[in-house]
Amino acid sequence: MSAARGFDWRRTPGLGTFTALVFVFVYAPLVVLVVYAFNASNLALVWGGFSVEWFAKALGNENLRRAATNSVIVAVVATVAATLLALPAALALERGRAFRGKAAAEGLVALPLVAPEIVTAIATLVFFSAIGLRLGLGNVALAHIVFCIPFAMLPMRARLREMSPDVENAARDLYADEWQVFRRVTLPLMAPGVVAGAMLAFIVSLDDFLITLMVADAGATTLPVYLYGMLRLGVTPEANAAATILLAVSVTVVVVATLVMRRGERAVAA
Amino acid sequence: MSAALAPAITPAPAAPTAPGLAARTVTLLVPAVAVIVLFMVVPMLIAAGYSFLTAGAYGGVRLPLTADAYVRFLFDRDLDDSLIFDTTYIGIFARSFVLAVLTTLFCVAIGLPLAWFIACRERRARDALLLAITIPFWTNLLVRTYCWVLILRDQGLLNGALQASGLTSAPITFLYSNEAILLGLVYSFLPFMVLPIYAVVEKIDPRLIEAGHDLYAGRLAVFRHIVWPLARPGIAAGTLLVFVPALGAFLAPDLLGGGKKLMIGSLIQLQFTSSRNWPFGAAAAMILMALVLVGLVVMARRRGAGAPR
Amino acid sequence: MVERSGPEAGLSGSTPVAAAPLVAVDAVSKVFAGHGGGAETRALDDVSLEIRANEFFTLLGPSGCGKTTLLRLVAGFEHPTAGTIRLDGTDILPLPPHRRPVNTVFQSYALFPHLTVAENVAFGLERLGRPAAEVKDRVAAMIALVRLGGLERRKPAQLSGGQQQRVAFARALAPAPRLLLLDEPLSALDLKLRREMQGELKRLQRETGVTFVLVTHDQEEALAMSDRIAVMRAGKVLQLGAPAEIYDRPATRFVADFIGEANIVAGARVGSPAPFVAIRPERTTIAPAGAAGLAATVTAVTFLGSDTLYDMELAGGGAMRARLREPVPGLAPGASVTAGWPADAARPVAEDP
Numbered sequence: 299m300s301a302a303r304g305f306d307w308r309r310t311p312g313l314g315t316f317t318a319l320v321f322v323f324v325y326a327p328l329v330v331l332v333v334y335a336f337n338a339s340n341l342a343l344v345w346g347g348f349s350v351e352w353f354a355k356a357l358g359n360e361n362l363r364r365a366a367t368n369s370v371i372v373a374v375v376a377t378v379a380a381t382l383l384a385l386p387a388a389l390a391l392e393r394g395r396a397f398r399g400k401a402a403a404e405g406l407v408a409l410p411l412v413a414p415e416i417v418t419a420i421a422t423l424v425f426f427s428a429i430g431l432r433l434g435l436g437n438v439a440l441a442h443i444v445f446c447i448p449f450a451m452l453p454m455r456a457r458l459r460e461m462s463p464d465v466e467n468a469a470r471d472l473y474a475d476e477w478q479v480f481r482r483v484t485l486p487l488m489a490p491g492v493v494a495g496a497m498l499a500f501i502v503s504l505d506d507f508l509i510t511l512m513v514a515d516a517g518a519t520t521l522p523v524y525l526y527g528m529l530r531l532g533v534t535p536e537a538n539a540a541a542t543i544l545l546a547v548s549v550t551v552v553v554v555a556t557l558v559m560r561r562g563e564r565a566v567a568a
Numbered sequence: 122m123s124a125a126l127a128p129a130i131t132p133a134p135a136a137p138t139a140p141g142l143a144a145r146t147v148t149l150l151v152p153a154v155a156v157i158v159l160f161m162v163v164p165m166l167i168a169a170g171y172s173f174l175t176a177g178a179y180g181g182v183r184l185p186l187t188a189d190a191y192v193r194f195l196f197d198r199d200l201d202d203s204l205i206f207d208t209t210y211i212g213i214f215a216r217s218f219v220l221a222v223l224t225t226l227f228c229v230a231i232g233l234p235l236a237w238f239i240a241c242r243e244r245r246a247r248d249a250l251l252l253a254i255t256i257p258f259w260t261n262l263l264v265r266t267y268c269w270v271l272i273l274r275d276q277g278l279l280n281g282a283l284q285a286s287g288l289t290s291a292p293i294t295f296l297y298s299n300e301a302i303l304l305g306l307v308y309s310f311l312p313f314m315v316l317p318i319y320a321v322v323e324k325i326d327p328r329l330i331e332a333g334h335d336l337y338a339g340r341l342a343v344f345r346h347i348v349w350p351l352a353r354p355g356i357a358a359g360t361l362l363v364f365v366p367a368l369g370a371f372l373a374p375d376l377l378g379g380g381k382k383l384m385i386g387s388l389i390q391l392q393f394t395s396s397r398n399w400p401f402g403a404a405a406a407m408i409l410m411a412l413v414l415v416g417l418v419v420m421a422r423r424r425g426a427g428a429p430r
Numbered sequence: 003m004v005e006r007s008g009p010e011a012g013l014s015g016s017t018p019v020a021a022a023p024l025v026a027v028d029a030v031s032k033v034f035a036g037h038g039g040g041a042e043t044r045a046l047d048d049v050s051l052e053i054r055a056n057e058f059f060t061l062l063g064p065s066g067c068g069k070t071t072l073l074r075l076v077a078g079f080e081h082p083t084a085g086t087i088r089l090d091g092t093d094i095l096p097l098p099p100h101r102r103p104v105n106t107v108f109q110s111y112a113l114f115p116h117l118t119v120a121e122n123v124a125f126g127l128e129r130l131g132r133p134a135a136e137v138k139d140r141v142a143a144m145i146a147l148v149r150l151g152g153l154e155r156r157k158p159a160q161l162s163g164g165q166q167q168r169v170a171f172a173r174a175l176a177p178a179p180r181l182l183l184l185d186e187p188l189s190a191l192d193l194k195l196r197r198e199m200q201g202e203l204k205r206l207q208r209e210t211g212v213t214f215v216l217v218t219h220d221q222e223e224a225l226a227m228s229d230r231i232a233v234m235r236a237g238k239v240l241q242l243g244a245p246a247e248i249y250d251r252p253a254t255r256f257v258a259d260f261i262g263e264a265n266i267v268a269g270a271r272v273g274s275p276a277p278f279v280a281i282r283p284e285r286t287t288i289a290p291a292g293a294a295g296l297a298a299t300v301t302a303v304t305f306l307g308s309d310t311l312y313d314m315e316l317a318g319g320g321a322m323r324a325r326l327r328e329p330v331p332g333l334a335p336g337a338s339v340t341a342g343w344p345a346d347a348a349r350p351v352a353e354d355p
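Residue numbers (this note's numbering), protein chains in the order written: chain X, 299 to 568; chain C, 122 to 430; chain L, 3 to 355.
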């Protein structure tokens, strides 16, 4: 457009440049990691050509593979359990009647979001040690279920809030009982929120480091914890490759979850 | 022709009454709340109990009950059992506090203009920018912090670039400094500030901005007198989301501070690993949790006071 | 009279010439680019008009006619695609809204929710850097002017719709603008309050002497309040004149139909050289079948209390309506009649551009 476009309060001079710089700040380090992971040379400033050698090496590492498998097992168990626990709670908080203690219940389900991770981590460690629970990967999965609940609930509640209760009341008016209302109207309409919630639970579990570090026994190491061990020993191209894999998985899941949620939004708006 | 399909009215055996529905609401909440109480609240209470016990030789705890763990924050026990005022741990708490405050300030300074820029864009651009700022929010914190190690370490990208361009001849040690930790913390938690601010500024009626300009306010005055006051609830929410995890951060001080510049998070973690002093670690965790709860209450109070009557 | 303490920014050198218009809109067009590949819209199409000092000027038209766009161009929130806008002879297009001595009353009021009534009213004066004592006096005077005394410390959310409306007026009038723009200011009020505020608005204009430009789609409101009206449709001004002039001598078919009610008949059918003639229902007569006029059949009779409406279908196609003070006894739907009118009641009107 020409310079004579006049005053527009939506276009603050310089803010576009500022935003571009912030996005460079946010993404450049991730790009650096990925470039290193694909760099045949293991020197910082030398591009030795494109190579998947480090990925092959990382994937050939049996311990790393086992840690990755553990991560997936824990994430799947935590996702399923957290979603099943979060769904009724989301319904109760968004559609249920007021009752004494509702605010307290609301605060409790949000507790894993507000408590510092290190506190949750040591509390869980102390708890498992106090009751003598030694289920290996089971301990890790239990810890993950707890902090995944509020994350799974976030998109569900957002979805329920934007759905008009009129649709559900219309179903009641048309002789549906409460179960049928849920099964035939509420659940199909809130499905994108449930899917997005499950996906968030999945990545939150997959990404967790600190709680797993404290809770996991030697055999129950997950990928981030194993990666941390690798990094402590020094920067290696193999570690870069492993970190890149973890990054790629999170990014994919987030993008898919966001798209699912947006498509659902559009369907409700239409 | 049209037979009545609607059901005949029969006296309902038991009409759903409000208390009945409330009971159903409670039933739906029970599983999630029970899991969180059992695996989070109870563990925290046990940890609180541990903080008053004595450290076991190989980790764990034993009797007798004592407040030693808390006393250790302020005093060192000398050989003759007298207490000497000691600032080591106070210092760690102070460093954590200052770094968390600075992190929050930087995140507001970056997050508010960014959120405003996004909110001013059209629908499609807004969605895209929002997704772009959300992605790092959900990606692995360990990986993201590690990226900065690659850039800042002595043989890293930054030193390599500086030396290649001839600006420096020997590597500068960027890592293991408070500045590096601060950078890592801002990088880690920036999205936590942008998203709540965006949620608030996006809802500001554009007519209010136009009314400001109409009434002779320039861009700066509109920002100061309209955008800033209306964005404050978002800034408050973002402050909570940034300050709390920054205060208890473990990875940034561990990877970028090299374990030399301890913060509360790394101090606690140490007590449960190499230092094997569970009561002291639990006590530190309880103090951290207390600070967070105080912050939450203050924030809730202010929100309550700020709401229009 | 209220003394002029409005902003001189960018306009300090200009002195109003007696005959010169306050606002001169010259050949202004505004094209909005389509969003996401949609077609572009021409909101204003080569509009020229002049607004005189101290008048109550109304832009009247259906939604989408471009009236609000024109208002936003004058305020500075939008920039025209072509044309110029002068205020007191000075081109104001290069000026951002905060440098134009023009204030707006927004449709939704746009009161600052975080500020009190007094702070809202003081906002413009403070931005202009007026001394605190002057701001205080002026705010008090404005609050008295809109009769909101005692509510100074309330927040907008604690006020009724009508009270919020008054705050919006006081806030926009406080800096004593050269021009007050009102974007459908009464549309959010219920009918009774709207009538009351119409009188209030006239009073405010009289007492402050500020030039008002009102945007509305309500023709009754326009007729009741304006000194002059510009009737707009599809980005063009169809007619500009005093209310009586527009009502009595509509220029085009659309104006005749939009302002009040009108029977539109093709000119050829009634021996007029004009493309159409317009006859007001209250001037339409009903005579027995066979009289001079247009043969018609009564289709509906509606009793309104003071008047009775007769809807008729013309024999050659088309409809007509008569609004009679005295009902015709025994005239029921199905009756054959003749629709007529006095010779001076048929106004020739042009086809719309």
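Don't read these hints as lab results, they were simulated from the structure.
Misleading hints may appear alongside valid ones.
[Said to hold, decoys possible] Here are the simulated BS3-like pairs of lysine-lysine, each with C-alpha atoms no more than 30 angstroms apart in a straight line:
hint	chain 1	residue 1	chain 2	residue 2
1	L	Lys204	L	Lys194
2	L	Lys138	L	Lys194
3	L	Lys157	L	Lys194
4	L	Lys204	C	Lys324
5	L	Lys204	L	Lys138
6	C	Lys381	X	Lys400
Consistency of the hints with the structure:
1. L:Lys204 to L:Lys194: Roughly 16 angstroms separates the two Cα atoms, so the pair holds.
2. L:Lys138 to L:Lys194: 33 angstroms, violated
3. L:Lys157 to L:Lys194: Since the Cα atoms of Lys157 (chain L) and Lys194 (chain L) sit roughly 25 angstroms apart, the hinted pair holds (cutoff 30 angstroms).
4. L:Lys204 to C:Lys324: Violated, at about 35 angstroms.
5. L:Lys204 to L:Lys138: Roughly 26 angstroms separates the two Cα atoms, so the pair holds.
6. C:Lys381 to X:Lys400: Since the Cα atoms of Lys381 (chain C) and Lys400 (chain X) sit roughly 45 angstroms apart, the hinted pair is violated (cutoff 30 angstroms).
Hint compliance for this structure: hints 2, 4 and 6 are broken, all remaining hints hold.
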